[in-house]
Amino acid sequence: MITGILAFVALASFFGLVLGLSAVIFKVESSPVVDQIDTLLPQTQCGQCSFAGCHQYAQAIASGDAPINKCPPGGDNLIQSLADLLDVEALPLDETEAAHSGPIVAVIIEDTCIGCTLCIQACPVDAILGAAKQMHTVIENECTGCELCVAPCPVDCIEMIPIKQTISNWRWPEPQYHTNNQAASTIYTTLDQVLAENTQA
Amino acid sequence: MNAKQNNTIAQTMKEAMYKLWSFPGGITLAGNKSQSNKETISTAKTPKQLIIPLSQHIGQPAEAVVKVGDKVLKGQLLAQANGAISAPIHASGSGIVSAIEEHAVPHPSGLVALCIIIDTDDYQQWFDCQPLLSDADTAEHSIHNLTHEQITTQIAQAGIVGLGGALFPSAAKLHTAEQKQTDTLIINAAECEPYITCDDVLMRRRPEEVILGILLIKKVVGAKKCLIGIEDNKPEAYQALLAAISGYKLPHTEPQIEIIPVPARYPAGGEKQLIQVLTGKQVPSRGLPMDIGIICHNVTTAAAVYQAVYRGEPLISRIVTVTGGAVKHPQNIEVLIGTPIREVLDQVGVAYNKIEKVIMGGPMMGFSLPSIDVPVTKASNCLLISEQGELATPPPAMPCIRCARCSDSCPMSLLPQQMYWYAKARDLEKANAYNVFDCIECGCCSYACPSNIPLVQYFRYAKNEINNEQKERNKANIARERHEFRLERLEKAKQAKAEAARLRKEKLAKKKALDAKKAQQESDATASDTDKKDTNDSADLIQEAIARAKVKKAQQQAQKKNTDNLTADQQRQIDEANERRSIE
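Same order as they appear, the protein sequences are chains A and B.
Once you know that position 136 of the first sequence is 751 in my numbering, the rest is easy, because the numbers rise by one and skip nothing.
Once you know that position 284 of the second sequence is 674 in my numbering, the rest is easy, because the numbers rise by one and skip nothing.
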């Protein structure tokens with residue numbers, strides 16, 4: 616009996632040692648959850664979530680202080696991926712904030728700009744170029760469309776405009792499962808109109 | 391050539407002893423090619439207005455080098471290549487540049503793009519073109535005397551792009567092939583999609599141009615093997631190419647051009663499928679043919695290379711198949727790039743009242759044009775004008791029944807039903823893991839699906855979404871970097887400000903201390919002056935100088951407290967003052 620006990624103790628300590636060592640040697644470095652959340656957020660730094668920036672919101676989500684549906688620029692896709700990451704229920708987007716309508720970009724009406732630099736100070740991503748008493752302009756590619764520069768402008772010369780759809784940023788629409796015929800017919804209306812004119816002529 | 395002869399040739403093609411491989415899947419489709427491949431190639435009239443898009447290739451759009459109001463000649467450069475992957479655009483007719491503006495272009499979105507618009511004149515005068523060779527030069531010697539650079543430069547300047555449909559700038563492709571040591575050149579003459587016959591008639595009517603073009607490409611690539619893959623449903627083209635090759639005797643030391651008939655099965659003309667049929671090699675997933683030492687060019691591209699080298703002509707026209715039930719005389723017509731499609735249709739003769747759809751490309755991979763007021767571009771190989779009921783409109787899609795006909799028909803050995811589930815559920819990561827990016831969008835799966843599910847549309851959508859997500863992620867990363875940099879900068883500025891404030895404060899404190907000391911010394915000096923009023927003037931002056939020196943010394947030793955290094959005089963005064971205080 617004693618041999619049995621000793622054998623099992625020896626086995627247990629051996630495997631314990633192996634497991635313990637492998638836990639140390641093959642340790643998987645997982646990035647902290649805040650960083651993982653931060654990577655998913657759209658980084659507009661717009662503050663629509665009522666936090667100062669995306670990182671702060673990520674911290675709040677990680678600590679459980681904020682729900683995952685406070686980010687209008689991220690939309691439903693973001694909520695879904697956050698829900699997957701944190702293994703929580705996906706919530707509908709909190710619509711108390713202004714509804715987000717497609718990607719937008721700030722444009723300075725250069726005739727009106729007085730060069731006060733207030734918008735430059737407000738821009739969270741340094742996307743506005745200019746100096747005191749010099750005309751300012753927005754670097755379109757860097758603008759996240761956060762609208763933070765609109766309020767400080769004393770002469771209201773900043774407009775938010777939707778990003779123009781071009782062939783390079785056009786995307787195939789999601790196929791309509793049961794109504795693909797209808798979808799098809801809507802695409803061809805233009806040609807139909809053209810041809811209708813033709814037959815009349 | 392009569393039908394009987396044709397059959398004999400077809401039989402010889404089938405029996406030709408070539409070791410061929412096969413690709414998985416694929417479907418057999420009705421060719422519908424005989425309507426349009428009988429006639430000779432007609433030439434379209436120069437239209438009143440040419441609409442020439444600046445982006446007719448993969449990569450950066452070309453950069454305009456002409457202004458509105460400029461007079462241009464036929465073949466003159468309109469826009470130059472912008473970056474390594476780009477191609478120049480040339481005027482396809484002489485006239486005056488009337489506008490450089492956005493105009494509708496042939497694209498499934500129906501959106502506009504930047505175009506150069508030329509109001510053509512009656513003269514159609516050619517620009518001074520510089521050919522490298524002339525038709526009088528015999529192939530063997532003349533091509534031999536050209537350098538690789540000469541040929542690739544000519545190809546690049548002529549704005550030649552892959553005319554099989556990919557539209558990749560040919561010069562860039564040849565350049566990479568040269569670097570990557572490709573040993574096999576495959577010329578794609580399969581043209582597997584129904585209705586399209588532009589490559590077929592090109593080979594039939596201008597086989598010499600094709601062969602000379604191939605010899606030029608072969609020279610640049612330095613290939614040890616040169617194969618032309620042609621579907622066995624084109625006996626006349628096969629015969630014409632054979633005859634043309636026999637006209638150019640290549641030295642025995644050089645690799646010969648082999649014409650290999652391949653079984654007609656859609657999509658045998660897909661680049662990866664043709665490579666597999668001819669060589670038995672598979673292009674690696676997400677790789678290029680160059681990764682396995684193969685370069686593939688289309689026959690029409692080869693003919694364009696011929697035009698550029700032997701005529702000096704840039705790519706300003708292409709052969710377009712105009713076919714379909716609503717066309718009175720289906721035919722192949724050489725059209726100037728930029729000609730509005732409406733004018734082409736008017737010239738060919740189309741029953742407008744019968745039209746159901748106008749498709750650019752073939753019925754499998756083409757797209758419906760939203761309008762016919764768009765120009766013909768380098769990509770326009772076929773205009774399929776279908777009448778009502780010609781092309782089956784798919785009935786509403788039914789649920790997937792897991793019959794696996796899609797995976798059986800997939801030439802890339804993918805699992806369409808799995809990718810479909812994930813694409814539909816927007817699980818893009820999974821769709822990507824099932825290699826949706828290897829899908830060549832041939833449409834075999836959608837064709838085979840008994841439930842009429844628009845499978846290929848889902849894959850296009852999924853690819854688009856994945857690319858877009860990646861783009862947004864990159865943008866977000868840049869935004870985060872910029873934001874973090876800004877925070878860092880602000881933090882630094884704050885620290886610098888605090889540091890400056892601290893320094894200023896210190897300086898002020900020092901200055902105050904110094905002032906106090908100075909004041910005291912001055913008062914000391916006055917005191918000593920009054921003490922020694924009786925002494926003579928020279929002594930006074932000496933005293934003053936000493937006092938000044940002391941002040942200077944004190945300034946130098948600013949850190950020292952003014953109670954250090956006191957003179958006996960001062961010490962005496964301090965003692966006196968202390969005494970007075972203690973008495974008081």
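Calculated from the structure, these hints are not laboratory results.
Keep in mind that the hints are not guaranteed to be accurate.
[To be verified] Taking lysine-lysine and the DSBU-like style, the derived pairs with C-alpha atoms no more than 30 Å apart in a straight line are:
1. Lys897/B x Lys853/B
2. Lys814/B x Lys685/A
3. Lys853/B x Lys882/B
4. Lys865/B x Lys897/B
5. Lys461/B x Lys409/B
6. Lys820/B x Lys865/B
7. Lys685/A x Lys639/B
8. Lys614/B x Lys639/B
9. Lys671/B x Lys409/B
10. Lys884/B x Lys902/B
11. Lys895/B x Lys865/B
12. Lys409/B x Lys639/B
13. Lys457/B x Lys779/A
14. Lys457/B x Lys438/B
15. Lys900/B x Lys884/B
16. Lys685/A x Lys744/B
17. Lys901/B x Lys779/A
18. Lys814/B x Lys748/A
19. Lys884/B x Lys908/B
20. Lys884/B x Lys748/A
21. Lys940/B x Lys685/A
22. Lys895/B x Lys884/B
23. Lys570/B x Lys853/B
24. Lys853/B x Lys779/A
25. Lys461/B x Lys438/B
26. Lys428/B x Lys457/B
27. Lys718/B x Lys744/B
28. Lys685/A x Lys461/B
29. Lys671/B x Lys779/A
30. Lys570/B x Lys457/B
31. Lys718/B x Lys438/B
32. Lys748/A x Lys900/B
33. Lys642/A x Lys820/B
34. Lys779/A x Lys814/B
35. Lys902/B x Lys853/B
36. Lys609/B x Lys409/B
Results for each hint:
{"no.": "1", "hint": "Lys897/B x Lys853/B", "result": "65 Å, violated"}
{"no.": "2", "hint": "Lys814/B x Lys685/A", "result": "26 Å, holds"}
{"no.": "3", "hint": "Lys853/B x Lys882/B", "result": "43 Å, violated"}
{"no.": "4", "hint": "Lys865/B x Lys897/B", "result": "47 Å, violated"}
{"no.": "5", "hint": "Lys461/B x Lys409/B", "result": "56 Å, violated"}
{"no.": "6", "hint": "Lys820/B x Lys865/B", "result": "23 Å, holds"}
{"no.": "7", "hint": "Lys685/A x Lys639/B", "result": "74 Å, violated"}
{"no.": "8", "hint": "Lys614/B x Lys639/B", "result": "17 Å, holds"}
{"no.": "9", "hint": "Lys671/B x Lys409/B", "result": "13 Å, holds"}
{"no.": "10", "hint": "Lys884/B x Lys902/B", "result": "27 Å, holds"}
{"no.": "11", "hint": "Lys895/B x Lys865/B", "result": "45 Å, violated"}
{"no.": "12", "hint": "Lys409/B x Lys639/B", "result": "25 Å, holds"}
{"no.": "13", "hint": "Lys457/B x Lys779/A", "result": "25 Å, holds"}
{"no.": "14", "hint": "Lys457/B x Lys438/B", "result": "19 Å, holds"}
{"no.": "15", "hint": "Lys900/B x Lys884/B", "result": "24 Å, holds"}
{"no.": "16", "hint": "Lys685/A x Lys744/B", "result": "54 Å, violated"}
{"no.": "17", "hint": "Lys901/B x Lys779/A", "result": "62 Å, violated"}
{"no.": "18", "hint": "Lys814/B x Lys748/A", "result": "53 Å, violated"}
{"no.": "19", "hint": "Lys884/B x Lys908/B", "result": "36 Å, violated"}
{"no.": "20", "hint": "Lys884/B x Lys748/A", "result": "24 Å, holds"}
{"no.": "21", "hint": "Lys940/B x Lys685/A", "result": "72 Å, violated"}
{"no.": "22", "hint": "Lys895/B x Lys884/B", "result": "16 Å, holds"}
{"no.": "23", "hint": "Lys570/B x Lys853/B", "result": "28 Å, holds"}
{"no.": "24", "hint": "Lys853/B x Lys779/A", "result": "22 Å, holds"}
{"no.": "25", "hint": "Lys461/B x Lys438/B", "result": "15 Å, holds"}
{"no.": "26", "hint": "Lys428/B x Lys457/B", "result": "43 Å, violated"}
{"no.": "27", "hint": "Lys718/B x Lys744/B", "result": "11 Å, holds"}
{"no.": "28", "hint": "Lys685/A x Lys461/B", "result": "58 Å, violated"}
{"no.": "29", "hint": "Lys671/B x Lys779/A", "result": "44 Å, violated"}
{"no.": "30", "hint": "Lys570/B x Lys457/B", "result": "40 Å, violated"}
{"no.": "31", "hint": "Lys718/B x Lys438/B", "result": "24 Å, holds"}
{"no.": "32", "hint": "Lys748/A x Lys900/B", "result": "38 Å, violated"}
{"no.": "33", "hint": "Lys642/A x Lys820/B", "result": "27 Å, holds"}
{"no.": "34", "hint": "Lys779/A x Lys814/B", "result": "27 Å, holds"}
{"no.": "35", "hint": "Lys902/B x Lys853/B", "result": "73 Å, violated"}
{"no.": "36", "hint": "Lys609/B x Lys409/B", "result": "25 Å, holds"}
In terms of the numbered hints stated before, the structure departs from hints 1, 3, 4, 5, 7, 11, 16, 17, 18, 19, 21, 26, 28, 29, 30, 32 and 35, listed from lowest to highest.
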